[in-house]
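Take a look at the letters that make up each chain.
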Amino acid sequence: MGKKVAGSGPCSRIPDNSAFKQQRLPAWSPSLTAETVLPFFYIIGLVCVLLGVALFLTVQKIQEIQVDYTTSGTCDACFEMRSNKMSASVKCRCSVDFSLKENFQEDVFLYYGLVNFHQNLRRYMDSRDDGQLVGRTTNLKNPSTYCEPFAYNNGTPIAPCGAIANSMFNDSFTLKYLPPTGGVVIVPFYRTGIAWYTDKNVKFRNPQIENELLPQVFQGTAQPFYWQKPVYELDPSDPNNNGFINEDFIVWMREAAFPSFKKLYGILNRQSKAIFEHGLPAGNYSVTISYNFPAQYFQGKKLVVLSTVSWFGGKNIFLPIAYIVTGGVILVVAVVLTVVYIKIGKKGLNMEE
Amino acid sequence: SKFCSFKPIYKPEQFSTNAIKTSKYNLFTFLPLNLFEQFQRIANAYFLFLLILQVIPAISSLSWFTTVVPLVLVLLVTAVKDASDDFFSRLIFVPFNRLRSEKWMDVQVGDIIKLENNKFVAADLLLLSSSEPLNLVYIETAELDGSTNLKVKQALTVTGEMGDCIEKLAAFNGEVHCEPPNNRLDKFTGTLTFRDQKYALDNERILLRGCTLRNTEWCFGLVIFAGPETKLMQNCGKTTFKRTSIDHLMNVLVLFIFGFLAFMCTVLAIGNGIWEFQEGSVFTAFLPRPDGVDASFSAFLTFWSYVIILNTVVPISLYVSVEIIRLGNSFYIDWDRKMYYPRSDTPAEARTTTLNEELGQIKYVFSDKTGTLTQNIMTFNKCSISGKSYGDVFNFAGQRLEITEKTEKVDFSYNPLADPKFSFHDHSLVEAVKLEAPEVHNFFRLLALCHTVMAEEKEEGNLLYQAQSPDEGALVTAARNFGFVFRSRTPETITIVEMGVQKSYELLAILDFNNVRKRMSVIVQSPEGKLSLYCKGADTIVYERLHPSCSKLMDVTTEHLNEFAGEGLRTLVLAHKNLDEDYFREWSTRHHMASTTLEDREERLDELYEEIEKDLLLLGATAIEDKLQDGVPQTIEQLSKANIKIWVLTGDKQETAENIGYSCNMLREEMTDVFIISADTPQEVHEELRKKMKPESEDEPTIIQRGILDKKSKMLPDETVDGEYGLVINGHSLAYALDKSLEQELLRTACMCKTVICCRVTPLQKAQVVELVKKYKQAVTLAIGDGANDVSMIKAAHIGVGISGQEGMQAVLSSDFSFAQFRYLQRLLLVHGRWSYLRMCKFLRYFFYKNFTFTFVHFWYAFFCGFSAQTVYDEWFITVYNLVYTALPVLGMSLFDQDVNDRWSVQFPQLYSPGQLNKYFSKTAFFKCVLHSCYSSLVLFFIPYAAMYDTVRDDGRDIADYQSFALLAQTCLLITVCVQLGLDTSYWTAVNQFFLWGSLAVYFAITFTMYSNGMYLIFTASFPFIGTARNSLNQPNVWLTILLTSILCVLPVVAYRFLLIQLCPTINDKVRVLRGTAPYLSLTRRQHPSPCAGCLNQVQRTRLSETLYLF
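Protein chains in written order, with the numbering used here: chain A, 1 to 353; chain Y, 1 to 1111.
Just so you know, these hints were derived from the structure itself, not from any lab.
Ideal Cβ placement from N, Cα and C applies to all residues, glycine included.
Errors might be hidden in some of the hints.
What the hints assert, rightly or not - Some chain A residues near chain Y, calculated using beta-carbon distances under 7 Å:
1. Gln-23
2. Arg-122
3. Pro-149
4. Tyr-152
5. Val-202
6. Leu-319
Build the full structure now, drawing on both the sequences and the hints.
See the structure below:
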């Protein structure tokens, strides 16, 4: 009874003759015919293979070396020290030697890598206060409950609060080039410019109080439990790289998606020494580690990674190979489909009623 | 207007006031009531439960808004739909309320109200008096039963005397006893006690709510039923709530999904337990556990956290979307011009908006005959008067001639009152009338007197008959043309013009027609004072009441009757008798007494009628032709090509029914055999059923028990036979065959036949037959009919279709779909039904695919995040994925998709069969969806994982971070499901394009907005993804990953479908290929003969031209 509309006159209730109401909207109705599907498969297959080969060549040019320093070199002693609660805060330095087989061209990036460190646990990732990190003074003194149990230290608010900040990676590295001619050249790295522009300039801001310096602003907050120095003293060399906008801190705070990850530590400074003008020369190197970060709590490994990049990013061989394989499979399938079409479909063997 | 109160002897509070709540809600109750109703639905309650889970901090793996936003939106959409439904149901009754609605509400049982011309009747009234002579009133009952004929009602003389004297009316003091409120529009029993006198009240004295007063200045009535107790309102309720088989399947699947959800969550919870035990307990250095949580408790909490995250497998928007799709497809039915019947200005109407896809799965059609297959426009064709048959035309050689347009018509110009539209071809009947043969005169006198037709004579000599049944109209018109003109009637007299002489007969009694009596009689006194009874009725009934002296005449007449019936004509037998005056007086007093009793009034009246209607003298028989509707044989043929079985259930005689069967192309001469079952005992019926069909088949039919869950439902498998058979079974035999012991036998035999015709069936039997098929065949049934006697069958079948025709609106009111012509059934099923089914199935398959794919990615990610219930996507993406990003494209597909257009759908009825076999959406199809989703989600997770986990941006910075990965994963997912949708869409209208590209554009727009500086600075906690889009979507490797995932997800599907088309094409594929080669249907016919062209016979050829005409 719903839709009866009273009208008058003959044919007053005749429905509108619109294409929409009569379901006659002009339309394109494609179907999977041999003329469309087969060329499509060949083209896609070809494109994939070509793309894969191009990517493969690109990735081949990227150089990368990974050095596991968890217990290697002289680091096993440090590893033991960190495992022991008593000596947890005793300073420990160690070094690992390695060599580059060939020159690392152009920009070289130094990463630290962690294996099996779950930065992506839900409770771990929740344990931060973006309001505090963006420089809100209210949040500075009243960290979010999400930060618990790293929100307060005996009633003093922790800045930065939360499990992520608390567990910040705090090993530091000094890379030394050992030229064949002898001697030691310390490889210079930029320690800034390693975080996303948006993180550095928008997402992380230091709290601002007029006429107060950073240490004063952070007055009344405690440093995270595991930290050896307060947040405003993270980079003694660069006053603009302290507090929440410290780039090591920002990089750490961008949680990795997977339990094994690498994070940018520094970018080769090619200007300061002529020997590094074109990147890192092949030869022997030694990396000295200030070994602070305990590895046994995540039962994984710690790495130092040196890598160059291309337009395609880092050295990840998966995509090029995946493209080549996919393209190959598509071409094979295309041939099979063509055979099926010619043997059966074209003759319309199955089309009879 | 109301001005005085009849003194009710009951307390008025006991009775309803006239304020009818046709709407469920009002402004204030809407919110709480509607919410309460909505949360009763399982799905919504489930989401409320999820919401509660999310509030528990230890469990909450998603922010509250991920559930609240969709829930609120879904509730809102449903509420708007409910509100608009409610609003529309209000609208229907606007005509009632328009008229002084306040006053209307105040009307109570016992009030006396005055009605004026052209006003609606406000409540069920006892008519007291009127402005017209003899206290008559004229009413139109279009609102009640759709017939625009004027009906007459008459007040009792005692009350009529009061006229419009307000004092008398105010002082009126009587007592009304009546039946309790019920829904029978055509019956009323009650008595009025007034001045110690008892008066019978029947339907004649009652004005029902919903009627309109016509041609009557005013009238007064006493309110008997008000508000919801009125017959109209009692009729509005729908008795059964129908659900489609897809609904049932969906319920099963939802249960399955719940189980699956529990399974996944258990696996992940166990994983979490193991992880927490092995690694988490060490990792507590970085992430201490909350107090009192150990590995196993953490696993327990994780279970619930994953219930929240994986809840998208039970999609909240599913039910809403399904409703919207059905609503849309119902509107298409309402809007279809090809189902609009201009002659009666009736468009098709989807009265139920929840059954559309079932229209594409019909296996059995049960059809009424009269008014459904036929026009129900009766023409007086032949008659037999005292042993002589009239109506045929013979040539000089004595051969019977076919009557065509050109055959000379009888000239009725001698009769100034003749109806010019009436035509008759046999001159001998006119001559017989002119010769004043007494039987012939009596015959036509009977036709002019024994009926309930109303005559309207607006100008002298221009008579207009208002007949309640078209048969009566035809008979009275015939009598009129042959010189016995019914001119006017009052409740006490009937005036006719007999061969130019006006005579007034006193009407002493009307012995009414009903379905049991199957006859009607009148008792009249001629101006000469002669008392006679005239009776007309069904042959078998009248024959039982004939005087033995007529036996010879009976034989001849029977022969004629069989002849008439064999030509498909509807027959009636006429008889009369003269009455003895004393006997009649005595009978009359008993009649009066019986008609004023309250108990058993009907039985007592029946007895009295039985007593007086005996020893009748046979006059003859009439034969009325009921022409087939246009396109009926073609439609039936098309439907049977679509593998739909059509059973005709008719009240007609066997011969008539058989004949209609032949003329509808249901029974054919070339059929192997047509079985006729007309036995009189159960044993014989059993034997006939058994032996006729397949004597060699097993005695006990094999019954397949369906499923473990529902032990009750049994199923009879279809058996096949060689050759085509037809089955005709009559009412007697059917009664036996429908017995428990024989019903399976009947069904087996019937289902082996191409055509089944049941004749002489009662309305109850119609429903029983439908129920029988529903019970043993897991098939979808459709019943189509036009009259009140079809209502039971329409309500029993899965889908009821009402034909809005001559017999009022009863059938339409209880139907799910209605239109004006039987032939529209073809379009309803083959076009609308098929499309609806196709669209719904495509929608469900795609919907499950997109949600499962979406959810399974979380599952894979769990193995990399320590089973910590971390989500893969941004929470906002989870919130709006179903409601914004993917809602419109899939709706667009399910509202516009057509595999082939309507012409091809009709041209190839075979396209209909996949629906009957549940091909497009079943448990198997669902599992295929799940597998497909599984594959897609593997690709969608592991390709981005492998491509990203140890790579960096082109400037060496981070891109393997959680937020970038989330963005990548969700972009891959969205693009993949969009491409998949594109692949599923076979009919790309501009709207589809707009929805698809629009959704993608909206996705990027919303993403960039949500990840912008501004949003972060305003809502810091809600939008932590700041900068992610800018920093990762400018990376070539991100886009290369997206491309690869899309290719890997979609190309296998393309290859699979292409192979299917090549290797085992479905009928759809074939038609689509054919369409590709021959875009113009008309060309196809001429150049490539269609597969069935070899067997074109006359009928098919007319079908082709008919279909062409239809387009």
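Outcome of the hint check:
| no. | hint | result |
| --- | --- | --- |
| 1 | Gln-23 | holds (6 Å) |
| 2 | Arg-122 | holds (4 Å) |
| 3 | Pro-149 | holds (6 Å) |
| 4 | Tyr-152 | violated (14 Å) |
| 5 | Val-202 | holds (5 Å) |
| 6 | Leu-319 | holds (5 Å) |
In terms of the numbered hints stated before, the structure departs from hint 4 and from no other.
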